[in-house]
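Enquirer: Following the hints, position chain B against chain A.
Chain order of the listed sequences is A and B.
Residue 178 is where the first sequence starts when you use our numbering, and the numbers rise one by one after that.
Residue 428 is where the second sequence starts when you use our numbering, and the numbers rise one by one after that.
It cannot be assumed that every hint is accurate.
Stated by the list, open to error - One side only, chain A facing chain B, incomplete, derived with CB under 10 Å:
#1 Ser182
#2 Thr183
#3 Gly185
#4 Leu187
#5 Ala206
#6 Val223
#7 Gly239
#8 Val249
#9 Ala317
#10 Leu320
#11 Ile321
#12 Ile370
#13 Trp394
Said to hold, decoys possible - Here are the computed distance ranges between Cβ atoms for each label pair:
#14 A:Ala293 / B:Gln488: 39 to 47 Å
#15 A:Ser182 / B:Trp454: 29 to 37 Å
#16 B:Trp526 / A:Val195: 29 to 37 Å
#17 B:Arg453 / A:Arg275: 19 to 27 Å
#18 A:Pro351 / B:Gln488: 23 to 31 Å
#19 B:Leu522 / A:Ala360: 29 to 37 Å
#20 B:Pro508 / A:Gln327: 18 to 26 Å
#21 B:Ser449 / A:Pro374: 41 to 49 Å
To be verified - Covered, in the sense of this in silico footprint (three residues per stretch, anywhere, with C-beta under 8 Å from a C-beta of chain B), are these stretches of chain A:
#22 253-259
#23 262-270
#24 289-299
#25 380-393
These are calculated hints, taken from the structure and not from any lab test.
Since the model is a prediction, treat every value here as computed from it, not as a measurement.
Using N, Cα and C, we set each Cβ at its ideal position, and we do this for glycine too.
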Amino acid sequence: MQTESTRGILRDALGIAVASGAYAISFGAISVAAGLSITQTCLLSVVMFTGGSQFALVGVVGAGGSVWAGAVAAALLGSRNALYGIRLASLLKPRGWRRLFAAQFVIDETTAMAIARDDPRLGRYAFYATGFALFVFWNAGTLIGAFATQAISDPKVLGLDAAPPAAFLALLAPRLRAREPLAIAIAAAVVAIAVLPFVPAGVPLLVVAVLVAVYGWFRR
Amino acid sequence: MTWAGVVVASLACYGLKLAGLSLPERWLQNQRVQRTVPLIPIALLAALVGTQTFAIGQHLQLDVRAVSLVVAIAAVLLRAPFLVVVAAAAATAALLRLWL
Numbered sequence: 178m179q180t181e182s183t184r185g186i187l188r189d190a191l192g193i194a195v196a197s198g199a200y201a202i203s204f205g206a207i208s209v210a211a212g213l214s215i216t217q218t219c220l221l222s223v224v225m226f227t228g229g230s231q232f233a234l235v236g237v238v239g240a241g242g243s244v245w246a247g248a249v250a251a252a253l254l255g256s257r258n259a260l261y262g263i264r265l266a267s268l269l270k271p272r273g274w275r276r277l278f279a280a281q282f283v284i285d286e287t288t289a290m291a292i293a294r295d296d297p298r299l300g301r302y303a304f305y306a307t308g309f310a311l312f313v314f315w316n317a318g319t320l321i322g323a324f325a326t327q328a329i330s331d332p333k334v335l336g337l338d339a340a341p342p343a344a345f346l347a348l349l350a351p352r353l354r355a356r357e358p359l360a361i362a363i364a365a366a367v368v369a370i371a372v373l374p375f376v377p378a379g380v381p382l383l384v385v386a387v388l389v390a391v392y393g394w395f396r397r
Numbered sequence: 428m429t430w431a432g433v434v435v436a437s438l439a440c441y442g443l444k445l446a447g448l449s450l451p452e453r454w455l456q457n458q459r460v461q462r463t464v465p466l467i468p469i470a471l472l473a474a475l476v477g478t479q480t481f482a483i484g485q486h487l488q489l490d491v492r493a494v495s496l497v498v499a500i501a502a503v504l505l506r507a508p509f510l511v512v513v514a515a516a517a518a519t520a521a522l523l524r525l526w527l
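Here chain A stands alone, though its shape is the one from the complex (with noise of 0.2 Å):
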């Protein structure tokens, strides 16, 4: 294994904890104003640890959701970490209790990184390398985060409310970069603003994942 390598790999891995642990602290903000307690906050971010779950659930309950309907939603969207983990598992071959611990790094980011390597050596190590990383600053973005919003009397004075939807599409945009997924997300959208005055909160989305689940399925 070439040190210059490893060297990129893990500037390259810093740089994506450090963007991630930024976005953290958002994270720790939204789910504190959003009434969750700040061990809940910081649990969510230990053992989910997935972006994109953690924002919903946290956006569901702090739109007045059920914390149920908010847990489906973080499911759903975590799927894909399944897929991430099958293409990662023939290059990490994880064995015991290696597994339960690789496992927790099965995310977009370290998925990227990991499978730009040519070298399997080098896409574990880049694998570890921003998983460890991104861990580390993630948790404690969250912590900061979460301790700063609990600090102020009223998060709506900083218009905490209104980021949710930012970091949400902050997370949807990577995604759509071609024309089908617009469409879908477009859809996606007005459906579940359409169907929303008549089921309880954090349905909407229930009803959007089953309507692009069936759409996925049997697309030609």
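Expert: Frame of chain A; chain B shown alone:
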């Protein structure tokens, strides 16, 4: 109640990651599964953007959050980093509430 939801959802998300690493490849290698799963985050995130901007609970409501969304879209189009997108949206809502 919140605790139970937080714990169950966290374990479910971890379980999905572990399942990907552990299950026999062919189980999830199905072409339809491969095509469908990546669409779910797109639809869900878009639905979250829509509902969290234009509703409070079960009621549709147009307020400063819509302006915040426009600012966030502009920030995303300008390729601003995550935190800038979120902070710009929050600041927009905060400032508009001060002025209006």
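Enquirer: Which of the numbered hints are not met once you compare them with the structure shown?
Expert: 1, 2, 3, 4, 9, 10, 11 and 24
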